[in-house]
Structures are given as structure tokens and as C-alpha cells.
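Starting from the structure of chain A, add chain G where the hints point.
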Amino acid sequence: MTGMTDHTQLILDGTKIAWYADRIEAWERGERIAPITIDMALTRACNYACHFCYAMLQENDRHKITREIIYDFLDDCVEIGVKGISLVSDGESTISPVFVDTVQRGHELGLSMACGTNGFVLTRRKAESVLPCLTYLRVNFSAGEPSRYAEIMGVKEGAFERVCQNIRDMVELKRRLRLDVTIGMQMVLMPNDADQILPLARLGKELRPDYLVIKHCSDDEEGSLQVDYSQYHRTYDLLRQAEELSDSDYKVIVKWSKIKAAGTRSYQRCYGPPFMIQLSGSGLVAPCGMLFNERYKKFHIGNICEQRFRDIWSSDRYWEVMNYLASPTFNAQKMCGSLCLQHKVNEFLDERRKGRLSVIEPRGPVPQHIAFV
Amino acid sequence: MHDENVTRSVAGIIDAASTSSIEALNIAFSQPSFAELQLEALRQALAPVATIEVVGTHERPSLRVELKAQVAVDSGAQEPPPRPQPVHGESRPAANPRPEKTDGQEPIPQALAPQYVEAVEAALHSIKHGGELSPTIGQVHLAVAEGEVSLHVNIDAQSHAICAARHQGARSRNEIALVETLCRLLPGLPVQEAADHGALRVERALRARAEDRPVPGVVMPENASLAFRLPLALTRKLVSAYTEATGYSGHANHFDPAPSKRWRATDRADRLAELAEATGRWCVEHGLSSDAVYPVEVLDDHRVIFALDEGPDRRRAQSLLMKLERSLQSQVEGTLELCLQEMRDRNKLRQLEARPSNRNDSR
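Line by line, the protein sequences are chains A and G.
Using the working numbering, you'd call the opening residue of the first sequence number 29 and step up by one each time.
Using the working numbering, you'd call the opening residue of the second sequence number -3 and step up by one each time.
Read the hints as simulated data drawn from the structure, not as lab findings.
Note that the coordinates shown come from a computational prediction; the quantities given were computed from them, not determined experimentally.
Incorrect hints may have been included.
Calculated pairs, DSS-like style, for lysine-lysine (alpha carbon to alpha carbon, straight line, at most 30 Å) [as the list claims (entries may be wrong)]:
1) K362/A - K257/G
2) K344/G - K184/A
3) K243/A - K344/G
A few chain G residues that face chain A, going by a derived Cβ cut-off under 10 Å, partial list only [as the list claims (entries may be wrong)]:
4) A37
5) A201
6) L228
7) D252
8) P253
9) S256
10) I301
11) R310
12) L320
13) E321
14) E333
15) Q337
Ideal Cβ positions, reconstructed from N, Cα and C, are used throughout, including at glycine.
Isolated chain G, as found in the complex:
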């Protein structure tokens, strides 16, 4: 062990092995070293890369490490784009070629779980946001960096919304995919939203299917893979740099993406017809009758009220509705929110007066 910290040292060994063609390895310990090992923390940190099992004897404990098939870490690395040129208001990129420490954490292995492979490949095949970004008159031009990777943006100082974003310096395939996706998502977002949820948006955009989660509990960028600390660090540095450059005193975040122009321009009848057609198609694809679920109203541009035929098992309704919502968001309008008709209070004593007329009660 070269590192005084046993856990970090073992993580380094496994991380190095994950970049090779090795499929499994055994790591032997002395008893005192094994006693210092933070096994659960190691398992959590390396979950996307490897499964770890304790083997050996009490006197001579070992770890059996099975490496998972995954997105290559540094193989296939591209030539790094040129370093950014300093511009007004820029935070200078750090000279350290290793990933910087973030929130006191150690440098991170850059592996991604299999759930992200497909989108990483897609991002790598369509890189449109690498390279330089010219300052635009009337917009604040900023560059921030995390290690070698830099993020360049133009921000509208009135609305605090990001107008354009580019990346430079990403070397590994994962880094490139992460910052390419980040730069694709940033335009239109207020700088506060970028800092608050930019990494979350990147994680979700890179996961092929929402229901295919890399952790058993609640997915967050940091627990999905330590690699997501890159967009997290960049976006947080961005809002700090923006604050420094402009005196921005935000924090309050009320960003709510507007419906598309097309959807706003579509009238009620056409909206319902489009939704009915897409829903009917989806029902058939999922083995239901075409009118098992059908739209009855669209409220406030985004909330679609559906009625549920008695046919589908109501216990399955929850998962069906989640799936249907995702389908309609991708096929019809990204901001749609799906609800059923309201059920009225059955308590005879209570009376609800002066209820709005648009609630679409079912009974």
C-alpha cells in the first residue's frame, strides 16, 4: 500500500484495474490494514465499477474484486482541445492536471455505470459544444474550470439565463460526454438553476431509462457516479464566478421551463386530439384497449387530466400512469404533467364550498 489511507489506496488499485482488461483481482491484507479498511464506503464509492467480497482467513483477509463491464475510462481519449484564452471576468483554470478536490473529497475515479453507456456513446457521436465560445456584446462571458476541463458560457445579465455554452479540456470519453451533455442542456437555464440542478439534469439526460436506476434508493449525481462531480463542480463554480463578476445576489430559484411554442400555439381541441391519439397508440402497445386511458382536459398548458377506464387493474394504474407520462413528454410535449380526475370527498359532514369549476371531478 502506497497511500497512508488504506481505503483510498485500495480504491486506487481497483480504479487502475478498471481501466485495463482485468476482469477480477484479489487484494490481500495484513490484519491491521484490514481493520482500517472502510469496506462499506469502498463498496459504495466503487459500486458502478466493481463488486467487492471479503474472502480469505481471519489471519490473512483478502478482497475479491469483480470488475464490471463499463464505459471505458481513459481509453479512446481524444486530443484535448486548446486551452481557453483568458477573457474578462474569467476564473482561471487550475494548473493541476488531476481532478481537483471537491468539497474536501479526494480525486475521483471516473467510471460510469452501464445505465449510461448508450447515452455516452450518443453524446460522443454528436459533439457540437466543444471548443471556443466568443464573447457576445451585452452578455457576460465567463469561463470556469475543474482540473483540466473548462466551461465557457455567455449569460444574459438581465434574465441571468445562459445563452450559449462550450467546453474545453475534457480528455476521457466520460468527461467529454458529461460536459457535452451539460453544454447541450445549459442554454435557456438561469445560472441559478444550472448550479442547483445542472448536474441532476445531466445525470437524468444520460440515463437511458428513468426506471433503470444505478442505485437502489434515490439517485443523485454524486451517488450515481463520482464522475458527475465534474458537472456539479463546474456549475457551482459558474454561479460563484457570475456572482463575482456581476454582483448577482440570487439563490431563489423559481425556474419553470415553459411549454414549447408549438404547444402554446395549439388550441384545446387539437391538444386533446393529439394527446388522445398518442395515448391510444401507447395503450395498444402496452396490451390495453385503445381507450383504457384517455385525456379529458388540459389545464394551465401543462396538466393533463385523464380518465381511467374500469378495465385496467387499478393497482397497476400507478406504474402505467408514470410510463404514459414519460411517453407523452417525449412524444407530445416535454412539460406535460399527468393527473387523473379528482375524487370528491365522501364524508357526509364536510361540505366544500365555492370550488373552482375546472377540477374535473370524477364523482
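Okay, chain A solo, but in the shape it has when bound:
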């Protein structure tokens, strides 16, 4: 059995929020609902320096997430009804000393655990410890050639082959141990790195992860990363050629809906965070990663290094921030960066709030990775 027995059920360019009608209805009744998914990091640090990395814009007061803190946090997540935790956010969680413990403990507690990583330290030994406990593991890999990999991801060329070998080992482990984990690769595409689309799609076909996803790059509301959304259309032919490299066990998936959105939003209120919040690698609890920087202090709800998460979640401050985002005072079109993590959830909930989606009716069978909306 593989984690990708039916590729049509793996939703990477959409939202699974419709499968949580009960939580949507509770939210609409004005109840305090637990987030379904929490995206977080165990550290703000990273051993890479990708030139498009949004984490450069997310600095805030750093605290150290210790084993005790993360164990309390995981207990609290289970207690209030969180379903899945992805270790992505604004730091490289695999280099945290508590990474393996976090994944294993979360899994033991019944949480779906996932990880986004550059894959550099995920050697065979470490992978053996965490792969059985993960729902998915996604390796950020934004080039198909060693020299361009080094240039784009801010590392030495030797890192390219090391990570390739780590991916080969993980794929072999998954097959040998018949693990359910989905292994993916991810390219964060800047338009001027389009030359790497096909080399990477071919590399993926050789390494044999379950999928390669190609996504847009997010930018802040002031365009600090200088992502030129008007240039993405020039990559469409290459992206379609990359998709054609898919086969029965390897899918190249393009996040067309976000790429074609060209950084724009159809909605102004932000309704997604009660369903899906983010924590910085500093322990900061905020509604969204784009609001991690100290600049957005008014949205900062608390820090798990200073207060139990269950208390943060039930605090007036938490709900004051959630209410602010849903109020006429807030305008995501003006105040937010582009294409945030909650974007697809926001689109769905906004349609619902505007009366254009009166029935919550998920289509088809329950998809994979349902804990990650």
C-alpha cells in the first residue's frame, strides 16, 4: 500500500474545509471552535538561504521551544480538538533538537503530523525515526540542476546531491516498510527561475517521490520579495510540459488556482484563521504567518513558551484578533501579503458568508490528508 493509491484524492490546489461542516456551523453560531490545522515551526533558524524565503519578513521576539513546551502544546491540541499539525511555517524544524520527539509524540497522541523541510539533515537514520509517524513529508527543492539549486536555495552545490540521496532513501524506506506517508517535493517558483521547471520535473521522475508540486511565491503587501506576478503566465507552457511527465506513481501538480490568481484576493474579510492558525518558530501564536513580524504586534495572541496553548486559545485576546479579521475594519486585499496559507479556506468561507454557498457539500470521498485543510 502506498500513501498515494488514488491520486485524485490528494487535494493540493484547493481546500478540504467542506469536510468540516460541523465546525463551520459551530463557527457560524458564534462558538469558539478549535483550529483543524495548525502550521508551525520548532525554530526560526534555517540552514538554507533561499532567495524567495518569506521567513525573512517574519522576524519576531524569539523564544526557544523546548521538549516540555512542545509536549504541553501537543497535549493541549488534542484536548481542544486540533486534527493536524504541519511543521512548515517560518523555520527549518528538522534542525530543532526536539524535532523527532515532536513528530513521534504528536503521532502517539493521535494527531496527524506533517513536515515541510529542505531535507538536508533528514538522513536515513532520522527518516527511519519520523517517516512512520508522518502523514506527509514535503521536501522544498526549487531547482533541478546543482548549480542553480545552490544559487536559488543559498547553499553549496554539494547540498543538491545530499538531499537527492536523502529523498532516494526516504522513498526506499517507504516502500520497504510499506508506510502510509506521502512523500513530496515542492518547487517555489519565481518567474525568473522557470528554466528549472523541466529539469526538476525530470529529477523528480528519477527520484520517485509521490508528487512534485509547483507553487507560486508569496510576497508581502509591500512587495518586498519583488515577486512579479505578471510574469507567471510566461511559465504556463513549461508547467504544462512538466505535468505531462506525471505517471501512475509520480504526479507533477501545479497550483494553478493560486498561480493564476496573480497575487489577488476576491475577499476582504479573513475568516480562515479560526480553522487554521500558524505558530512561528519563536512560539508566537498568530492568526497567520504573514503577521508574524513584530510590525503586526496587534495581531499577536500569545506565545506557547510563556503560556499554555489551551489558555491562549480560550483567551479573549485570541477571539479579539479573530473578530478583528472578520470585521469591516480589516481588508485582506490591502493589509495582507499575497496568497497566504489560508487563502483557499478564506475563499470558501467568504462565498459561504456572502450567501453564494448555502449548502456545505463536499464532493467525492474523504480525501487524503484530511487533517490539513
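Relative to the frame of chain A, chain G by itself:
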């Protein structure tokens, strides 16, 4: 029970009681009736009106209902203004004097939570938008109705912005306050914004303090009180009528209220001085030193960058900044958005190149 639906029947009893001077009542059930009762749904629907507790025995269950002090429902009702006269493009008001069903829901009790009492009273004391609205040349004149209550608007067909709004037919104090507030807020809004967020704006305008929320979670017009379905229904019918009358094919909503003319005409130095004065005053009123928080820049007319003195406990900074923002919006300029200075990335490996010069980094 007169209604086949036990829950609806009980809601009707409590709703009726809420309009009287009754403070509490007990409702007894047979076991089969009690089994059919959707207790949580009832509690949610009537939360602004009453608290409900299960008492009695297993064989003879009862509900103990404590009615909350609230805005009167139909007492003090005014004489209804005259019915609207049909005009070109009008959607005819329904004949049914009861509130219409909205989205398949049953007719609604019209109670509002205590958070709205003050603004309801204020709206009732200053009614300026009741009565007739004359069509204006070059503007689309429309009328829509929800039950007896009708909304009349003139809309600029070029910009799709509402130029004027009037209401007729509201009877109860709450209805009058709701549609009066709606008509006060509508001018200047594009018709799409009115449909998308008109009721949300009415809810916020009628709540005395943003932090005084009627529900524990996220406030929406429908969960704040079922009474807010009136402005919701009217504004949604309005955009439908406008679409029908003009062929408008909107949906995309990029409405962003512009800063006031006064603010736009104020130069940078004067803006900062005005903000500094208002902020200093606010700090003192809140037990802080007058320069505990101070403005350092205004970006794009609306975003004010503040610096935070080391004095205030940074853990309190979130709530202080929220409060300060609300204060400056009401006293200085309604479109202001408050931020702190940016904190630069401390990761030694990452280098951010070609950053704009206006970000006001703190370190």
C-alpha cells in the same frame, strides 16, 4: 404545543414571553416531546433573549427559562410610514406582514442583545432616513422589501455606488433602528459592498464597543441576533434587483473606503503632529507615559508606523495597540491602520536584497 415542530413552538413561547414583563417561566414537556427538542439550537437562537436550563425529572422534564433585560421588541412601535409607491425597476414589497423566510429559515424573533441597546436608542432619537426617496435623473431608483419593511435607494449606474437610501414600513423599535442605521451607512457604498458586508457594517455600527461581543466566538450578523437578517435580506435583494434592472454583472468587490478629504489634504508633518498629540493623550488616559507609544511615519495615507517605548509590558502591547487604533480611528481618521516598526530578519544566512526604503525597520 401548537406547532408540529417542538423546537419552533418553544421558541415562539419564549419569544412571546420576551415581549411581556415576564422575567422567567417554566415549560413542561412530555418525554416524547422533549426527545424531539433541539435544545442546543434553541439556546443558540435565543441566546440574546434568554438563558435556558433543563430542570424537572426524567419522566417529566421541564425547561427553566430566564428572560434577559433587553431592547423592547414591539413596544413603543411607531405608526408605520406610508407604503412605497411603485416606481420603475422596483421589486414589489411582499404582502405578508410577517417577516419573510430567509434562506429557508423560519420567521425570526426580533430581539437584540444588551450590547446594542445604547446605539439602538441613539438611532431612534435621530431618525433621518425614514420616508420617501425621489428618483434622481441619471440614477437608478430601486425599492426592495422584506416583509413590511422596504428599502429605497438611488444608485449611480456608472460607479454602482449608492447615492441615497430611505426606509419605510419598519414597525418595532429594533426594526426602525436597524434600517435607519443601514440607510445611514449605505450612501457611498457600492451596491456589491452593501450586499456583501452591509449587515456586517450595521452590526458593528450598533455595537457600542468592539470588544463587547454578543457571542463567545466570531460575531456575525446572524449569530449576533436573528434581527440582523433584516438588513441582510434587504441588501441582498437590493443587489439582485440592481442586477435585474441594469444587467450589472458584478461579484468582485474591491471596495476600500478612501481617507477623508481633510486627511488627504493634511501634510506629513501635520499628520504626525496630530497623531502624536492624540496618542500622547490616549497614553496618559491609560496610565502610560505620554511617549510610551509614538508615531514615526504614515505610509500610503492609512498605515501609521508606531514605535513602542521599552516601558509598556510588551505582552500587553497587542491589546494596547488594538485599543489605540480604535481610538485614533474615531478621533483622527477612520481609515487608519496601526503597525509597529518592522523587525529585521536575524538569520545570518539569509540576505534580503533590494528592500524598499520606507519600511521603518526597528533593527
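Verification of the hints:
1. Taking the CA atoms of K362/A and K257/G, the gap is near 20 Å; set against the 30 Å cutoff, the hint holds.
2. A C-alpha spacing of about 16 Å is found between K344/G and K184/A, which places the hinted pair at or below 30 Å, so the restraint holds.
3. Taking the CA atoms of K243/A and K344/G, the gap is near 26 Å; set against the 30 Å cutoff, the hint holds.
4. The beta carbon of A37/G is positioned within 10 Å of a beta carbon in chain A (closest approach about 9 Å), and the interface hint is therefore held.
5. Taken as an interface hint, A201/G checks out: its beta carbon lies about 9 Å from the nearest beta carbon of chain A, inside 10 Å.
6. Restraint check, L228/G versus chain A: the minimum CB separation of about 8 Å is within 10 Å; hint holds.
7. Here the hint on D252/G is kept, as its CB sits about 6 Å from the closest CB of chain A, short of 10 Å.
8. At a threshold of 10 Å, the smallest CB-CB gap from P253/G to chain A is about 9 Å, leaving the interface hint in force.
9. Among the interface hints, the one on S256/G is violated; its C-beta lies about 16 Å from the nearest C-beta in chain A, farther than the 10 Å criterion.
10. The criterion of a C-beta within 10 Å of any C-beta in chain A is met by I301/G, whose closest approach is roughly 8 Å, and the hint holds.
11. With a cut of 10 Å, the hint placing R310/G at the interface with chain A holds, because the nearest CB-to-CB distance is about 7 Å.
12. Checking L320/G against chain A: minimum C-beta separation of about 9 Å stays under 10 Å; hint holds.
13. Interface hint status for E321/G: upheld, as the beta-carbon distance to the closest one in chain A is roughly 7 Å, under 10 Å.
14. At a threshold of 10 Å, the smallest CB-CB gap from E333/G to chain A is about 6 Å, leaving the interface hint in force.
15. The restraint placing Q337/G at the interface with chain A holds, with a minimum CB-CB distance near 7 Å, inside the 10 Å limit.
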